[in-house]
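Start from the sequences, fold in the hints, and give me the full structure.
So you can see what is in the structure, the chains are spelled out below.
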Amino acid sequence: MYTLLISVLIFLIGVFLHVLIYRIILTFGVRSFSSAAVFVLILAVYIILLFFTPQYLPVVEYKITSVMVYISLSVSYLALSASLILGDESPSSKIVLEVERHPGIKQNDLIKLFSDSKLVDKRLEDMLSSGMIAKHNQSYTILLRGRLLVFYVSSYHNLLGWKELG
Amino acid sequence: MDIIIVTAGLAGFALFLILQLLTFRLIDSRILMAALMRIFISASIILTVSVYVISVNFIQSRVLDTISHILLALLIYGALCFIYVTAVFGITVTSVRIQILRLIYNAGDKGLPYINIYKKYNKQVIIKTRLERLVGSGELICRDNKYYLPPVTTFFMLHTKILVVLYGVFGNRGYQQTRY
Chain W
-7 MYTLLISVLI
3 FLIGVFLHVL
13 IYRIILTFGV
23 RSFSSAAVFV
33 LILAVYIILL
43 FFTPQYLPVV
53 EYKITSVMVY
63 ISLSVSYLAL
73 SASLILGDES
83 PSSKIVLEVE
93 RHPGIKQNDL
103 IKLFSDSKLV
113 DKRLEDMLSS
123 GMIAKHNQSY
133 TILLRGRLLV
143 FYVSSYHNLL
153 GWKELG
Chain U
583 MDIIIVTAGL
593 AGFALFLILQ
603 LLTFRLIDSR
613 ILMAALMRIF
623 ISASIILTVS
633 VYVISVNFIQ
643 SRVLDTISHI
653 LLALLIYGAL
663 CFIYVTAVFG
673 ITVTSVRIQI
683 LRLIYNAGDK
693 GLPYINIYKK
703 YNKQVIIKTR
713 LERLVGSGEL
723 ICRDNKYYLP
733 PVTTFFMLHT
743 KILVVLYGVF
753 GNRGYQQTRY
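Chains as they are written, first to last, in my numbering: chain W, -7 to 158; chain U, 583 to 762.
One or more of the hints may lead you astray.
Stated by the list, open to error - FRET-style restraints, in silico, Cβ to Cβ:
| # | chain 1 | residue 1 | chain 2 | residue 2 | range |
| --- | --- | --- | --- | --- | --- |
| 1 | U | Lys692 | W | Asn100 | 31 to 39 Å |
| 2 | U | Lys710 | W | His128 | 28 to 36 Å |
| 3 | W | Trp154 | U | Lys701 | 22 to 30 Å |
Hints are computed from structural coordinates only; laboratory data are not their basis. Every residue gets a Cβ at the ideal spot worked out from N, C-alpha and C, and that includes glycine.
Structural data, given as structure tokens:
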């Protein structure tokens, strides 16, 4: 059980430091992914302590498992935090929350709670700034980075035999 | 046992992927989330039984150790599945950003005018698709064209509640306060 407790504890320390550093950087008005480096730093320190100087740690019976649990939890958390850093709101989550607030709400009333500008424009702006698409005379064209992403998505869809899903 | 736990977690994840590849070709896109959840639970049960059998029969572990082995393997398996669903499945299947990107890609080198993006992909399309998917997956109930939450808290609702808390922690205006 020590293996589980220590791995989770170290992961939670990583989360705390990540949020702390992220919030400090945010005070300068910058939304940065760089604070994720704290997880790599903690992993390096943990591996050194675990395999080279174990006398400084409580007994960890399953060392490889412990490292794997830490890595799995950290990457899960970073995958989740990416959309939070981008400030994206999931339309599905928003729908569920609105239905919780207004039980019996109709489809048209739900649609009224959303705006095209928030759902579409923000995404277009993000993709423009990240170099996936370009804008010329009110028309959008795809750039190399965007093509690569579409190729990746299409390959995955073909693998599963899917059409467009929306 | 160290290597066995890690291998069991990875094998459980591989099983999850194989089951998904086999079943997703056959199902309706509206029940994707429910199917994904069933596959996750099925692979979890197989993983739990496998680790239990190995731990008790081959390693002769004590009860507490066996529980620990199962929890560790499930944690690795669960985290890998979560990464996959968030970073691969979520992005490729439900991301609004990706759907818009595909529209622009399909328009070719001449580009896609702003107005055409709205015509093909707007709030009506986005919300209708998601409502169908949420109802199909049992996250919402539709009666007389009105939407309700199911009586029990679903995994997606739990995920949403966690997301709402974290949304504020990351310096965003919360979901509840934001008016579209």
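Each hint, compared with the structure:
no.: 1; hint: Lys692(U) to Asn100(W): 31 to 39 Å; in the structure: 35 Å, holds
no.: 2; hint: Lys710(U) to His128(W): 28 to 36 Å; in the structure: 31 Å, holds
no.: 3; hint: Trp154(W) to Lys701(U): 22 to 30 Å; in the structure: 23 Å, holds
In summary, the structure agrees with every hint in the numbered list given earlier.
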